[in-house]
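Novice: Model the placement of chains X and G on the given structure of chain C, informed by the hints.
From first to last, the protein sequence lines are chains C, X and G.
Here the first sequence is numbered in this note's numbering, starting from 16 and rising by one per residue.
Here the second sequence is numbered in this note's numbering, starting from 184 and rising by one per residue.
Here the third sequence is numbered in this note's numbering, starting from 756 and rising by one per residue.
Accuracy of the hints is not assured; some may be wrong.
Said to hold, decoys possible - Derived, one-sided and incomplete: chain G residues facing chain C with beta-carbon distance under 10 Å:
#1 Arg780
#2 Lys943
#3 Glu1024
If you are wondering where the hints come from, they were derived from the structure by calculation, not from laboratory data.
Ideal Cβ placement from N, Cα and C applies to all residues, glycine included.
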Amino acid sequence: MALRDLAILGKANVKKDAYNKITGKALFAADLKFDHMLYGGVFRSTVPHATIKRFDASKALALPGVACVLTSKDIPGGNRIGIIMKDEPVLVDDKIRRVGDAIAIVAAETPELVEEALELMEVEYDLLEPILSYEDAMKEGAIKVHGDSNLHARKHLESGDVDAAFAQCDVIIEGTYTTNMLSHMFIEPDAGVARIEDGILTVYASTQNAHFDRGEVARTMGLPNNKVRVMQVTTGGGFGGKLDISVQCHLALLTNATGRPVKMVRSRKESTDVSAKRHPMVMKAKTGATKDGKVLAVEVFMTGDTGAYASYGPAVITRAVVHAMGPYDVPNVRIDADFVYTNNPMCGAFRGFGVPQVSVCHEGQMNALAKALNMDPIDLRIINAQRPGTVLATGQVLDEAVGFIDTLLEAKKKAAEVLDPCKENQGIGVGCMWYGVGNTGLPNPAGAFVEVLADASVNLMVGCADIGQGSSTVMAAIAAEELGLSYDDIHVVAADTMVTPEGGASSASRQTFISGNATRNACKQAKDTLAETASNFLNVPKEDLIFRDRMIYSAKDPAIKMTYPELMAEMKKWGKLAVGAGAYNPKTTYLDAKTMAGIPYEIYSYGTTIAQVSVDTSTGEVDVQKLISAHDVGQAVDREMVEGQIEGGMVMAQGFAVFEKIEFEKGKIKNPIFSKYLIPTAMDSPEIYPIIVECPGEAGPFGAKGVGEPALIPGIPAITNAVENALCQRFFELPLMPTEVMKKIRS
Amino acid sequence: MDKIKISFILNDKPVTVETNPNKRVVDLLREDCECTSVKEGCSEGECGACTVLVNGTPVTSCLMLAGQIEGDSILTLEGLMKDGELDKLQTSFVEAGAVQCGYCTPGMVLSAKALLMKNPHPTHEEIRRALSGNLCRCTGYTKIFKAVDMAAGN
Amino acid sequence: MKAFNFYTPKTLTEALDLLNQYKGRATVIAGGTDVVIELTERQRDTDCVININKLNELRYCKVEDGKVKIGALTTFTELENDPYIRENVKGLHSCAVHVGSPQIRNLGTIGGNVVNCSVAGDSPTTFMALDATVVLQSKAGKREMKLTDFYANCKKTQIADDELMTEIYFDAPAKGIATATMKLGKRKALVIVVVGLAVLVEKDDAGNISRAQVVIGGVSPKPARLPKVEEYLVGKPVSKATFAPCADMLSDAVREMIPTRASMPYKKEGVKGVSDKTFGRILADFGLQEGGR
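Isolated chain C (complex conformation) (with noise of 0.2 Å):
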């Protein structure tokens, strides 16, 4: 299906991390030892929102081997923090705005007396009234958990005539959707160890970003940049959770105290109760459509709950509203949202960024949509769908590269293939999205440096963060492609502060497209140079140049040749060297602050998901059992790994679809760990088919998108309306569990 003559993308590489995983060398933050190293430990609050009345530490500073125990006074730079907004402190100064705020932070000469000293730390506390839900945080005259307002942020979207397209309209479909709290759940919880290397502050980090967390260590610490460096270690997994400060800060401050290395390493149940959560959220929505199936109007009111800070709030609620019609060409929209401060736990980052919520709204819209004008579910989609010239709501056109169109049909080729005729509540259901890539109507720049060496390989310094998904992988294989090389001549260093330019977080699908384009700028740049000798070499024009299978040779007469390892004997013999830095800023422009309008994304990624399941009316148990997903990754830069997504991404829907809730009360997250938040076994994984669409456009490197959020993202309505179509019912709350099932059937 490529479209593109390429010689190593679109193949299947050994990824870059493969080797060192598999032999158990790669070490993760909490592999790494230190002589004379320390470990570190948090006292967090138990009540959702006080103030300290009486804080005591002077029992755990008596037992002998603890080395210190420090509070927010002891923070010598500002003890603010977050994403976007910093809001956040390092360590409580005001007051306590959520369960698991951190009070005091203690290093100590083992683990066991770490323990030891927070069960001796004493606190008093003067409680205020917490905030718990979206009505306490609006009610009139409720206390405040920031600054005067308790509205965290409140977008509106419009185009068209929204009212004057629904009174022309033939049907209307109302709904009101509930989704849950979430948690990552990244097998390896939050670690890192800081020590002082030869005068610069050194943290390494399990993270998604390690030059945000230097920016933010830096401020706390009062430094330079650039006497703080951190390293991003071996990463099991982030989703989004790994794009806040965790221990970061807190290490920071224990070694400069102490001068010693200090390792931190969260339990199961702190990291779970203190990193960012999915919002839950709940979008009330009205789709107009005439009877042929044009959807002519959609109105989404949502709100949404992000807890005690900010994190990646702003964001979610920024794309959710963008996304909240779905892939359509809706011609008129309204689209509002309010997201409040709570004492609940901190909302953020979590694969998708509020686009899976709105997915559930905009394909529960449409499943039920298809069924009143007793239409086929592909076959609504496709009158609907965007394509190339489509204006958005934003005021965006559309440009060549949607593929919206032809995932719906390869999903469809394939379910008339693998899925078997639905039997007695058995349904199959489908599900779509888009995706903008990269950050919302923001630069969002990363880059990269590059070096080819005397003997042809290479040296290549991204800050972007690989952590298992295989972005250095990507890296690589963009590099191999620009430079003309093999992948195997590349390698890899990255998010390393100190080494590697500014990459961004790993986060919004955005490395493959914005780090593999600054990858490629860099390529290029190097390649430049080295065009220049061979063309002299050569005596062929630079422009008539082919740099491919480390051979370099004229267009136009391939038998005028010369190999790497000669062109780069030429440019020593010159005295040149073939070095580029690139960079890459998406084209997007800022939002209108009342309206909007603007470029949010200068790409977008789309994906079909048909799902079968079974519903065992006895129980309310459903069987997720085969899922197809057709995903448009503009051009696939190594196929087993976009399947590897894919594969991955439907996983986690099924967890979102059918088992995952987050649930707390009174701000205290009640199942934080694996034997009470439940996520998808070996048993439960079922048949999955993953499709990879290849659509044209330029923009992405060599034509790729992201495709790390977009495929978990379909999969999750495609599930709800499997479940629907097999029982014949609506569900507006997610997830689907035997409970929410059999109340259904029952009624």
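Specialist: Here is chains X and G on its own, set in the frame of chain C:
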């Protein structure tokens, strides 16, 4: 608290460790034996990241006290390579693309190893069941099943 | 983990001596699947831990004098792989198959599961349906107790500080006896029981039910026999029609047992499906009809 002396076979080599008894096997292996391939993910035997083989049987090493493995034979991922050669499962995990973040990988490979030692050509259901105590959040398990299939020559 | 001394007795006598010596200040560890979590979370203060895991004399599953005798250290994996159990005590086999994960089945012991009797514990429900008897030993001697009594009138169990559970036994199912268990969870592996059901049915030569033992788990701190259902069944023919009303009777029982619990509305519905499936398996075991899944 009296120290205890534990003698056992670790990756085919006899070892004796003197240590505090209030340690789990996962701690003993990681801290006293430098087997950091043994990962800790939950401390309650649910995620399977700390899986090791005790006398050929997979167990979660976070649920065993160090002193309990006296006289036993322990296999961790460090011991899976033989004479510098990767085990078939290690090769197949790489080839199948079954490794993403890698945190579940050591435990996953060892559970698969235990299965293939007892049952060289397992069915798909047997593979799923054997791996049902090892949680993976990245791969959706599909490529892991494929890797085990490949190693089994299925 | 807090500090403690650690002992690994080599014989039962040695273990009982230690228990006697540390009366009340010792923690016994077998598989460790419950105890180590408590120790790790520093929830348990103990002077010493007695590791009985090497007492191989307590690791057996045999039929003797018309009784099936299972040593306390037998693991779920060992139970699952026992050919006699698989053929003749299908309910117990199925119970072992569905415990936790392979790793937990390899570690977890029958003794630990019965003595700890957590709400989610899998085997107590089944053993109660088999009307099993536990054997308790101390330095002073040996005593036996029906499992029902073992769990009755106390917070946890009737085991004394200096006692070790060494065996559990029950009558070897004669011809004409069928057993079945099922549990309802939220996913397919590593399941925590939402509702569990274990049933033993004996039929006479005429095909009528002469004995029924029906036990529900997951709804109260300990599994509970349901005499009403049992009485209803006795004297009736073994048939789908006879078993059908059990679903509603079990549902009523759940409602009576946990009238105010938030999980009640689901459990009372879910238990109906569990009932149909469990009795379906009983029918299948009698070779009468296809069972549930």
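Novice: Against each hint, give a clear statement of whether it holds in the structure.
Specialist: Verification of the hints:
Given hint, Arg780(G) at the interface with chain C, is violated; its Cβ is 20 Å from that chain's nearest Cβ, farther than 10 Å. The beta carbon of Lys943(G) comes within 4 Å of a beta carbon in chain C, closer than 10 Å, and the hint placing it at the interface holds. Proximity of Glu1024(G) to chain C holds as hinted, the smallest CB-CB distance being about 5 Å (cut-off 10 Å).
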